[in-house]
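Listed here are the chains, written in short residue letters.
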Amino acid sequence: MDLAPYLLLAGLEGLVQASVLMLTALGLSLVFGVMRVVNVAHGEFFMAGALIAWACGAYIPGPPALGFIAGLLVAPLAVGALAWAADRTILQKIGYNPEGTIVSTIGMLYILQQGALLTFGPDARAVDAPFYYTIRTPWFGYSSYKLFTVAVAFALVAALWLLMRKSKVGLLMRATQFDRETALNFGIPVGKVYSAVFAIGAMMAAVAGVLVVPNQQAHYLMGTDPLLLSFVVVIVGGLGSIPGTIAAAVLIGLSDGLLSVFFSPTLAKIVSTLLVALVLIFKPEGLFTVKGRRA
Amino acid sequence: MSRMSVQGLSAFYGQSQALRDFSLELAGGEVLCLLGRNGAGKTTALKAIMGTVRPAAGRLMLDGRDLTGLPPQEIPRAGIGYVPQGRRLFTELTVWENLEIGLMTRKTDLSALDHALELFPVLRDRMHQRSGTLSGGEQTMLAMARAMCLRPSVMMLDEPTEGLMPSAIAGIRDAVMRLRDEGVAILLVEQRVDAVLPVADRVAFMDHGEIKAEFPIAEVRADPELLHQYVGIAARPARAEPL
Chain A
529 MDLAPYLLLA
539 GLEGLVQASV
549 LMLTALGLSL
559 VFGVMRVVNV
569 AHGEFFMAGA
579 LIAWACGAYI
589 PGPPALGFIA
599 GLLVAPLAVG
609 ALAWAADRTI
619 LQKIGYNPEG
629 TIVSTIGMLY
639 ILQQGALLTF
649 GPDARAVDAP
659 FYYTIRTPWF
669 GYSSYKLFTV
679 AVAFALVAAL
689 WLLMRKSKVG
699 LLMRATQFDR
709 ETALNFGIPV
719 GKVYSAVFAI
729 GAMMAAVAGV
739 LVVPNQQAHY
749 LMGTDPLLLS
759 FVVVIVGGLG
769 SIPGTIAAAV
779 LIGLSDGLLS
789 VFFSPTLAKI
799 VSTLLVALVL
809 IFKPEGLFTV
819 KGRRA
Chain B
2 MSRMSVQGLS
12 AFYGQSQALR
22 DFSLELAGGE
32 VLCLLGRNGA
42 GKTTALKAIM
52 GTVRPAAGRL
62 MLDGRDLTGL
72 PPQEIPRAGI
82 GYVPQGRRLF
92 TELTVWENLE
102 IGLMTRKTDL
112 SALDHALELF
122 PVLRDRMHQR
132 SGTLSGGEQT
142 MLAMARAMCL
152 RPSVMMLDEP
162 TEGLMPSAIA
172 GIRDAVMRLR
182 DEGVAILLVE
192 QRVDAVLPVA
202 DRVAFMDHGE
212 IKAEFPIAEV
222 RADPELLHQY
232 VGIAARPARA
242 EPL
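Protein sequence lines, in the order shown, are assigned to chains A and B. The first sequence runs 529 to 823 under this note's numbering. The second sequence runs 2 to 244 under this note's numbering.
By construction, these hints were calculated from the structure, which means they are not laboratory data. Fair warning: there could be bad hints in the mix.
Label-pair distances were calculated between CB atoms; the ranges are [said to hold, decoys possible]:
1) B:18 <-> A:683: 52 to 60 Å
2) A:589 <-> B:71: 50 to 58 Å
3) A:531 <-> B:134: 46 to 54 Å
4) B:72 <-> A:651: 43 to 51 Å
5) B:3 <-> A:809: 56 to 64 Å
6) B:133 <-> A:689: 16 to 24 Å
7) B:134 <-> A:809: 27 to 35 Å
8) B:55 <-> A:694: 32 to 40 Å
9) B:167 <-> A:613: 54 to 62 Å
10) B:69 <-> A:628: 26 to 34 Å
11) B:38 <-> A:642: 56 to 64 Å
12) B:55 <-> A:811: 35 to 43 Å
13) B:129 <-> A:811: 25 to 33 Å
14) A:709 <-> B:199: 28 to 36 Å
The beta carbon of each residue, even a glycine, is placed where N, CA and C say it ideally should be.
Next up, chain B with everything else stripped away, as it sits in the complex:
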């Protein structure tokens, strides 16, 4: 059964249509990767789901509940966790304060925090450090941990590996796989095709604000020409540290 269902979402920036008839179904324990060139509308799609870009049309369902038209602050409370592009931490606040905001969102108990810290133990020693002083990898871990404090049933990650060292990417990969194994539905936006192929179950290709095609990961792996056709790049062999 579909955990999150998005149907016919469209959104505009002024007169310019940034998202057209965007639809997807995401099941629990599944990783769907959105691929596309810069400006294809991937981030806009996530923002439209979160409601911070107001959709002009479309429908959003989560676990059978209709979230369409809810104010943006209600979307995370319903159970959608979001790790935005560039992490968007509250860099003036401490690590603990960032996590506390996550906990306050759905009034989750401290076990959600324990779970997040189990995945990212390095954060335990940084609790009273200003989050802006963390390394890039630690900031991404904090952004994920903050979203995990919501106990989300769907987690959306927008380019979580951007600018990270391979060692940090490994930690993020493990966390994504662990969440998936726990039944969380994951919508992953990435530019690095080689980084996502090992963890994705399905791949959707976006261009000009719409999903052009969707394939099971096995099909993409078997036919690298698909990547060339939809993203304009030649598939490279997976790196030593894929996501």
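Bound-form chain A, shown alone:
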């Protein structure tokens, strides 16, 4: 048996999964890194993005690409605004108390999930890809949309990196992440930084949701798997570490793709869960975190 086509296909599928996972997990990691908040509702922001993309595709007349582009713009803005409001009205009010934020984000999870059920119903909803073009290889044809997903995800990650490293807003976020009290001593409006970070994290999940719906139908329970996988990624990569999150997403996405193609998707999940257990036992700060550094 010639392994090359299977390896290529598994690698491509893994890369697509890794790119979506990277976006979702980066949002979670950013929120934890800067705010020290474990956002259990993060998967629901992903779900909300997917459902908004469906709504844009369904209600905006014209070619599917128009609805998709609208979804790509509207979903992160709407979800970001929702997250911003949730931060101001809930998380800020409880002073970002660690236990309180977990309980309140669990509450947000149920509210968003049930809100989606009431609004969109229990059915899974398909979204057309904005374009259909198959890339031919000697062995199989592959969806160009999936590769577009990878390109968009990496472009967004590069944009986030530039925001964090090269902009004044990013500088304020990094300073706040490193030392909240000193940030206050230098006039950094920590409350506003937290709201912005929570919104940006949610927006990244929402974009991931929009990108995924042409490959996977949108429904109100679709946020659970990305949430769990994102936790796997941020634990393996190091909580709050952006480079670690990217590396872990690629590692887990690729291994998931390869194991799913050659063995079974269940085995892929077992392996990633085992990896988390091993990391927690032997390197609890994460595989890619330099000791003593937080970002």
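For this one, chain A is given, so just place chain B on it according to the hints.
Leaving out everything else, chain B in the frame of chain A:
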């Protein structure tokens, strides 16, 4: 005229009162040194002024402006620079990024940075170095330079000489004296009595969260027994490199 006026500040950690009726007046071009044993409330007093420990009562005035109750991020913007204990640099950020945060606070122009770098020229060559990799003395210089980028009218320093070599202490001393000569009001917290006596104008002794007594420096120098009475130590002759 008093540049900074603190009246009746009190603060709690949970049920425990850490600061009681803390009051002081500080004029421009004056160095007031807060002395006291560990746990006397010196650092808490500075944090309560900065608002990061929320005062339960009291009033804070700066240059005639009432800052009482302002959110913590507004206090440095009003013109109070703070060098916290242990320096608290953003050690993951470069020297330039630390200074940039100082400049952004009050949107000061680059002349504030030039002034700080004139006092600490060694930082010019370290601009793109991660601040956590600087030596202890350089880190203290950066912490002071960062606070100076605010163009503060009041500078509060919490044990700036902690863990420093005598040569580094000399640089900090010169900077404190230069700031004082430029009219900045300085509130200095120190454990090392011998280090502060040569630069202080007044000394306030703290214990159990309150100021027990306050003396002009000449009186403290003339009567070393005061140090024994309030801080529990015998005064030693000033070292070769006082602050």
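Right, here's what the structure says about each hint:
1. B:18 <-> A:683: 52 to 60 Å: 55 Å, holds
2. A:589 <-> B:71: 50 to 58 Å: The hint (50 to 58 Å, Cβ to Cβ) holds, given that residue 589 of chain A and residue 71 of chain B are roughly 53 Å apart.
3. A:531 <-> B:134: 46 to 54 Å: 47 Å, holds
4. B:72 <-> A:651: 43 to 51 Å: Hint holds: Cβ distance 48 Å, inside 43 to 51 Å.
5. B:3 <-> A:809: 56 to 64 Å: 60 Å, holds
6. B:133 <-> A:689: 16 to 24 Å: Taking Cβ atoms as reference, residue 133 of chain B and residue 689 of chain A lie about 21 Å apart, which means the hint holds.
7. B:134 <-> A:809: 27 to 35 Å: About 32 Å separates the Cβ atoms of residue 134 of chain B and residue 809 of chain A, which means 27 to 35 Å holds.
8. B:55 <-> A:694: 32 to 40 Å: Roughly 35 Å apart at Cβ, these two residues keep to the hinted range, so it holds.
9. B:167 <-> A:613: 54 to 62 Å: Taking Cβ atoms as reference, residue 167 of chain B and residue 613 of chain A lie about 55 Å apart, which means the hint holds.
10. B:69 <-> A:628: 26 to 34 Å: 29 Å, holds
11. B:38 <-> A:642: 56 to 64 Å: At roughly 58 Å between Cβ atoms, residue 642 of chain A and residue 38 of chain B fall inside 56 to 64 Å, so the hint holds.
12. B:55 <-> A:811: 35 to 43 Å: Given range 35 to 43 Å: holds, Cβ gap about 38 Å.
13. B:129 <-> A:811: 25 to 33 Å: 30 Å, holds
14. A:709 <-> B:199: 28 to 36 Å: 31 Å, holds
In the structure shown, no violation is registered for any of the earlier numbered hints.
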